[in-house]
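Chemist: Protein chains in written order, with the numbering used here: chain A, 22 to 274; chain B, 24 to 649.
Any given hint might turn out to be false.
[Claimed, not checked] For lysine to aspartate or glutamate, the following DMTMM-like pairs were computed, each having C-alpha atoms within a straight-line distance of at most 20 Å: (1) A/K130 with B/D540; (2) B/K120 with B/E217; (3) A/K183 with B/D540; (4) B/K492 with B/D421.
Don't read these hints as lab results, they were simulated from the structure. Fair warning: this is a prediction, and the values are worked out from it, not measured in the lab.
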Amino acid sequence: MTLLVANGLRKAFGGVEAVIDVGFAVAPGEVVALIGPNGAGKSTCFNMLNGQLAPDRGTIELGGKNIAGLPPRAIARLGVGRTFQITATFASMRVRENVQAALQSFADKSYGLWRAADTLCREEAQALLARVGMADQAERQCGTLAYGDLKRVELAVALAGKPRLLLMDEPTAGMAPAERLALMSLTASLARRDKIGVLFTEHDMDTVFAHADRILVLDRGRLIAEGSPAAVRNDPTVRRVYLGAGTMYGEAT
Amino acid sequence: MSEIFADILIQFLNGLAGASSLFLVAAGLSLIFGVTRIVNFAHGALFMLGLYLAWSLIDLFGRSTLLGFWGGVLAAALCVGAIGAAIEVFVLRRIYKAPELFQLLATFALVLIIKDAVLYFWGAEELLGPRAPGLRGAVEIFGRRLPEYDLLLIVAGPLVLCLLWLLLHRTRYGMFVRAATQDREMLAALGTNERHLFTSVFFLGAFLAGLGGALQIPREPAQLSLDLAVISDAFVVVVVGGMGSIGGAFLAALLIAQAKALCIALGDVAMFGTIVSFSKLTLVVEFAIMAAVLVLRPWGLLGKPLALARGGSAHASPLDPPGQLFWPTSLFVLMLLAFAPLGGDRYLLVLMGDIAVFALFAVALHFLMGPGGLVSFGHAAYFGLGSYAAALAFLRLDLPAEAALLAAPLAGGLAALLFGWFCVRLSGVYLAMLTLAFAQIAWSVVFQWNDATGGSNGLIGLWPAGWLKDRTLYFWATLALCAAGIFFLWRTVHAPFGLALRAARDQPMRAEAVGIDTRRVQWLAFALSGAFAGLAGGLFAFAKGSISPDTLGVARSVDGLAMVLLGGVHTLTGPVLGAAVFTWLQDEIARNTQYWRAILGLAILALVLAFPYGLGGALKRLRGAS
Ligand SMILES: Nc1ncnc2c1ncn2[C@@H]1O[C@H](COP(=O)(O)OP(=O)(O)O)[C@@H](O)[C@H]1O
Ligand SMILES: [Mg+2]
Numbered sequence: 022m023t024l025l026v027a028n029g030l031r032k033a034f035g036g037v038e039a040v041i042d043v044g045f046a047v048a049p050g051e052v053v054a055l056i057g058p059n060g061a062g063k064s065t066c067f068n069m070l071n072g073q074l075a076p077d078r079g080t081i082e083l084g085g086k087n088i089a090g091l092p093p094r095a096i097a098r099l100g101v102g103r104t105f106q107i108t109a110t111f112a113s114m115r116v117r118e119n120v121q122a123a124l125q126s127f128a129d130k131s132y133g134l135w136r137a138a139d140t141l142c143r144e145e146a147q148a149l150l151a152r153v154g155m156a157d158q159a160e161r162q163c164g165t166l167a168y169g170d171l172k173r174v175e176l177a178v179a180l181a182g183k184p185r186l187l188l189m190d191e192p193t194a195g196m197a198p199a200e201r202l203a204l205m206s207l208t209a210s211l212a213r214r215d216k217i218g219v220l221f222t223e224h225d226m227d228t229v230f231a232h233a234d235r236i237l238v239l240d241r242g243r244l245i246a247e248g249s250p251a252a253v254r255n256d257p258t259v260r261r262v263y264l265g266a267g268t269m270y271g272e273a274t
Numbered sequence: 024m025s026e027i028f029a030d031i032l033i034q035f036l037n038g039l040a041g042a043s044s045l046f047l048v049a050a051g052l053s054l055i056f057g058v059t060r061i062v063n064f065a066h067g068a069l070f071m072l073g074l075y076l077a078w079s080l081i082d083l084f085g086r087s088t089l090l091g092f093w094g095g096v097l098a099a100a101l102c103v104g105a106i107g108a109a110i111e112v113f114v115l116r117r118i119y120k121a122p123e124l125f126q127l128l129a130t131f132a133l134v135l136i137i138k139d140a141v142l143y144f145w146g147a148e149e150l151l152g153p154r155a156p157g158l159r160g161a162v163e164i165f166g167r168r169l170p171e172y173d174l175l176l177i178v179a180g181p182l183v184l185c186l187l188w189l190l191l192h193r194t195r196y197g198m199f200v201r202a203a204t205q206d207r208e209m210l211a212a213l214g215t216n217e218r219h220l221f222t223s224v225f226f227l228g229a230f231l232a233g234l235g236g237a238l239q240i241p242r243e244p245a246q247l248s249l250d251l252a253v254i255s256d257a258f259v260v261v262v263v264g265g266m267g268s269i270g271g272a273f274l275a276a277l278l279i280a281q282a283k284a285l286c287i288a289l290g291d292v293a294m295f296g297t298i299v300s301f302s303k304l305t306l307v308v309e310f311a312i313m314a315a316v317l318v319l320r321p322w323g324l325l326g327k328p329l330a331l332a333r334g335g336s337a338h339a340s341p342l343d344p345p346g347q348l349f350w351p352t353s354l355f356v357l358m359l360l361a362f363a364p365l366g367g368d369r370y371l372l373v374l375m376g377d378i379a380v381f382a383l384f385a386v387a388l389h390f391l392m393g394p395g396g397l398v399s400f401g402h403a404a405y406f407g408l409g410s411y412a413a414a415l416a417f418l419r420l421d422l423p424a425e426a427a428l429l430a431a432p433l434a435g436g437l438a439a440l441l442f443g444w445f446c447v448r449l450s451g452v453y454l455a456m457l458t459l460a461f462a463q464i465a466w467s468v469v470f471q472w473n474d475a476t477g478g479s480n481g482l483i484g485l486w487p488a489g490w491l492k493d494r495t496l497y498f499w500a501t502l503a504l505c506a507a508g509i510f511f512l513w514r515t516v517h518a519p520f521g522l523a524l525r526a527a528r529d530q531p532m533r534a535e536a537v538g539i540d541t542r543r544v545q546w547l548a549f550a551l552s553g554a555f556a557g558l559a560g561g562l563f564a565f566a567k568g569s570i571s572p573d574t575l576g577v578a579r580s581v582d583g584l585a586m587v588l589l590g591g592v593h594t595l596t597g598p599v600l601g602a603a604v605f606t607w608l609q610d611e612i613a614r615n616t617q618y619w620r621a622i623l624g625l626a627i628l629a630l631v632l633a634f635p636y637g638l639g640g641a642l643k644r645l646r647g648a649s
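Chain B with its partners taken away, still in its complex shape (with noise of 0.2 Å):
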């Protein structure tokens, strides 16, 4: 009993060192959002860039002298202070007046450009830092060792969150930051500097994101993936603790490492008559405690609730049935589309073929944003779970190909069915980033369960027999499929249930004064729009011949996004052609450059820039001047 005891106080301590990192990261997210309200997706690229500056500026002062380490860890963090000034003054500045979701998808482009910048000064390699001068050793707890360096940790994240509050509460700046957060016309009448303000509360937050990172240095190596991990569980860690409260996010992070520490510490306990692996349950605790914390606390646990639009409807226009010309016309397109690799092109075969999975993807994720005025950010958990569910139906089950793919878009409807009952409780950015920590929960659970899923490697020899083998026969099958779809989801758009969608979105205390369930309309919709999305991830693993648990990473469901508001939310036709537009221009960069996510985001910006209302947008606007 005692070495249980003991296994658990040394993860309880583990613990408390792990949520540091975690509380700085997110207070900073959680400081960026109460000021500006830009939901920063670029911060946990900022804590990766803290990681890897820190790595090479230790190097450079000197690994072995407290200063050098010290010196370097503090530099780190100011240069990321520094670069977060910098894409505010640069960048955020000019669309703060954009819909949310233009400000949204430049963060994501920065994301995007700043991983090949980390790429191109770093390479790809894992970098293993340095560990602190001083502190290369362990204390002895109860026969347990623990390194010095967490007892350092452990006091770091209370120390800041001192500092924080005595800065918020006992400083003028803070007051000002205080007045920003809760009460803007408050803010107004202090006559203060609104732009100085802004880049400095993008300083301060950048700073803690870069400082999380820099402390992390002796603990994990600098990677790559580091960005979106980290940016997925300061989610979970603000949307716990509530937005815009610092003490709210070192409650949360406190709460979510101890969960996960005593998972690890308990590992396998025989139960009721079987072993009960806890230490695999980290994620599911994670999702207990968000899951409950939800539906007690819809605001968080410290949080207060925030007018925000969930969609911005206010930029949209109707939704007029399509005219006399469309369908022909989409007919006509979709002709077009299944005659052009009959040169027997294969590279243009797979990109149609690509594109067509991907217009579908788009378009189930735009059926939810637009007209259900619900912003997914892990939108490709359901593209990623329908892939999984064919390929194993297909190599498990051994149905052939035809049948295996029916498993796909009944995998995505059940998952959006089972995180969409939890998501329509909530809306705008909480909604949002709800969606992003369900995704990454499937995401983990795809990757851990190796038994099933083959883990990293993922699942091979998705290969279909019969009529399908032939590539053309199975591209024409995949845009037959596809269109369907799409014609099903813009159908539905502007069937009865899209109304009550829209209506449900506009004005919902108005739609349940008419006797609509506006959750349950939106339930559905969650539904739909993930069965469909899991119909274009099942096409897309026989596409490939493999899938990885990429499929459903955090990536692809900011592809997805990038397609949709490329195209423009509130046009339907938007996301196809977003999606087009975005797979060619990947796959054309990518066989020209390494860095196709730096241009690529750097497109993004300039697209965001320059159309903040997307390109289908834009051409209507064209067509409305004319």
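So here's chain A without its partners, still in its complex pose (with noise of 0.2 Å):
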């Protein structure tokens, strides 16, 4: 059965068009990249997933139920993680209570004003951590992290919820190219192992090649193309808009 469906997705910002008839599907532990040009309406689309926006049209189904427009903490208690394109970490906080915080809240105990959240969800959290690699960094002050860190915190954080679906905006910019592929051969075994359905965007067509099951390519707001990485590489209309746009396409063959 599949996890995601959406259907004709449409987002516009005042007359530009962001979005345009976009549908796609995501199966539990399948990993799925979307790729395109910059300003393609990539992160838009993430947004309409996880309630950031809500569509102008179309239909987000997630496990049967249409989740389009709901607002994002319901969408993210219904199963839905997301890492953002630019991080988005709690900065005052140590890095293992960013984690606790979403896991209280998935708990929801965030509404308790006298146990002392220090000690609520602590294994939790560090297991987590564990996870990302991130343990031995877990009393750091997230504000003071370097960005490829934040990166694997956002993960951990997104991972929170249990996930049926991560969404990942661009986790991987602005990392060591090393670093890159060990975060998605992370997050590729853990979709494996625990049916996560994964959505992501990437820039690096090497990360992509290595790691996507399925790729979608999306160019001014249209799906322009999908399929397995083969069909997706050979597929003349792909190389014409990344030719065109003078990405790095040519050395991942």
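Assembly of the complex is requested from the two constituent chains, each provided in isolation within its own frame, with the hints serving as guidance.
Modeler: Structure below.
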């Protein structure tokens, strides 16, 4: 059974049509890449999927339930985790507390006024941080972390809700190449092990071809190609768009 | 029917006249904010200064000549402009990079200093100004009389609007001002001298405030309470019109002045079988307009969304759970405090009681400002409503003081629920101004509702019977309740709720994405903070035996802010320290001089310039360094 089915999604900002009639599906445990040049509408798609933006038209079904237009917090609770293109962490808190805040929220404990938050969900938070390789930095303040580390904290936070679907907007931007591959293979293995569907955007084609089961290509708001890495790689339209945009397509082949 | 029509028309013209001064002040405030991003709390004080200066200068130049009067008005406005420029050069320029809140504190300090300067030079008596020569009469409209001077004011507002528009859109200087308001980087690219621009904008903004004040001279007496009354009106106008928008300020001033005028014109009207007194609804109307505008257009009628940090969490460091020694040490300090007044020193007993009450008030305010990142300029509302609720339960319902005290947190909490619902929809300065406006409305209701609240006289005879009659026992009860309140709020900061609250402050988008309902969390924080501020107010009422509308006046809100900011926003114990130092200092200075405000203001200014992170922050840094 499919996990996520989006159909006929549209979003315009003023006169700019950012996303036009986009539809796709993601199955549990499947790692799907959404690629396209800058301004193609990738982040806008993500924002509609997680409720940050309400689509002008179209449906988004998660496990058979239409979630289009629900607020982000409701969608998060239905099992959609996400990371942001520009990392969004709680800067004043320690790394561990970032994850704890998320865990406590999902455990419906956020309105607790009395018990100390410090000990609540602490082991779970440590375990999540260990999974993304941040266990040894758990006590550092988030505001002082390097960019790559922040991305990993975000991943741990996104995993805190035990998501069925994980949306990752440029999860490896600003990372060194080795780090990129490591983070994405970690994500892919988690996805396959826990049957999490992953939708991610990425500019680095090596990473995309190494980890994606399927690729969606977006250009100026429209889905122009979709299929296995091999199929997309040889798609003439995709080649044209990417060569036209002067991006690093060649070296991946 | 034509009677009503004539009434409405005359009030409409009155409204136009009233809108002009309001517009001048609000335009200056908006201009300064747009360019420097400083919310000038002293803008009302500058208005007041304009009024007083005009009074003296007109006297000097000759009351009865045209030149004397108008020369005086203009000279007063220019003086105020010069004072504004001086403030920018000597104070604000040094703290543009400090956290937003400290800039605010500095402008609060200026309010205090200007107030005492006025008191020193002009005395505490109201001063009635001269009428404008040549405009002393009144014109007759439909059998009603309208002062000629009002006609002039009606023209003055739109005229200044046009001049400002020309200045901003048709001159090179105006281009820089607009660039600074809309796009900082563009300003840098234009290569202008920012220092000169900032100073001159302060001059212009202060000049407008001074002119607004000076023009009022034939209409209203110069008095010392104008500074805060005017600033809160100006805040409402700016919030409704949109921060940084001159046209918006004009529209909003017009709208609000007209709505108020209409209410006065309607007076008592029989409706639905009862008499509705519209003239008493003037404040509710202001509130309704503001609420409607904020719900429909959160950035004001003509404003644009501003990317502003809420409480500035960039400076926040992690709030770690208290160490092992923290609670034992606190308990020990509490014991010491409990025994301190046993010597029978009545003065010490009163002072310590005040400190306990204000410590709770400051901690409640800090709960909202620090972890919540929601800056409240009007927290005295909850404190004062708590006082009044307890007092009314005691006097009108004949409840014993112990039971009446329960009404205090209830009233504070409920009021915070109501006001907070609107407030959490906004952020940054908009939120701060809205809290102030609500507080001002609460104050006015208490002030005007003679039958229930005793109006300006307040309520007296709040002496508890039974064991609480004993002042030492009452002090202990106060100390215990305040300590319990502070303990509870501190626990809450460290509880999951506190973590969620900090999450919503640091990164609302991320907080929502992990399932936190940020608005609801902040709303609840408002209610909690209001409830404890209310409790402090209730305790205060029975400690003093009487209360007046001052209990919820702007001055008290300012006190609370000063305590929190003095102590440091990003430390937990800071507000307690700040409350103690502030209360003691205020008391100490007030006993020795009439000009305690100015001394306090100067002290705050010195502290802000020396420790832009508060006392608590400075201690923390010291400890960190050693
Ligand atoms: N909040 C917004 N307001 C106006 N236009 C926007 C907004 N967000 C995105 N856009 C526009 O929509 C288009 C798609 O943007 P985006 O989804 O961020 O692309 P991508 O993530 O693929 O780089 C761009 O033209 C962008 O300028
Ligand atoms: Mg993007």
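Chemist: If a hint holds in the structure, say so; if it doesn't, say that too.
Modeler: To see whether the hints hold, each was checked on the structure:
1. Our distance criterion of 20 Å between C-alpha atoms is met by A/K130 and B/D540, whose separation comes to about 12 Å.
2. Between B/K120 and B/E217 the alpha-carbon distance is near 14 Å, which keeps this suggested pair within the 20 Å criterion.
3. Distance check on the hinted pair: A/K183 and B/D540 sit about 19 Å apart at the alpha-carbon level, within 20 Å; holds.
4. Of the supplied pair hints, the one linking B/K492 and B/D421 holds, its CA atoms being roughly 16 Å apart against a limit of 20 Å.
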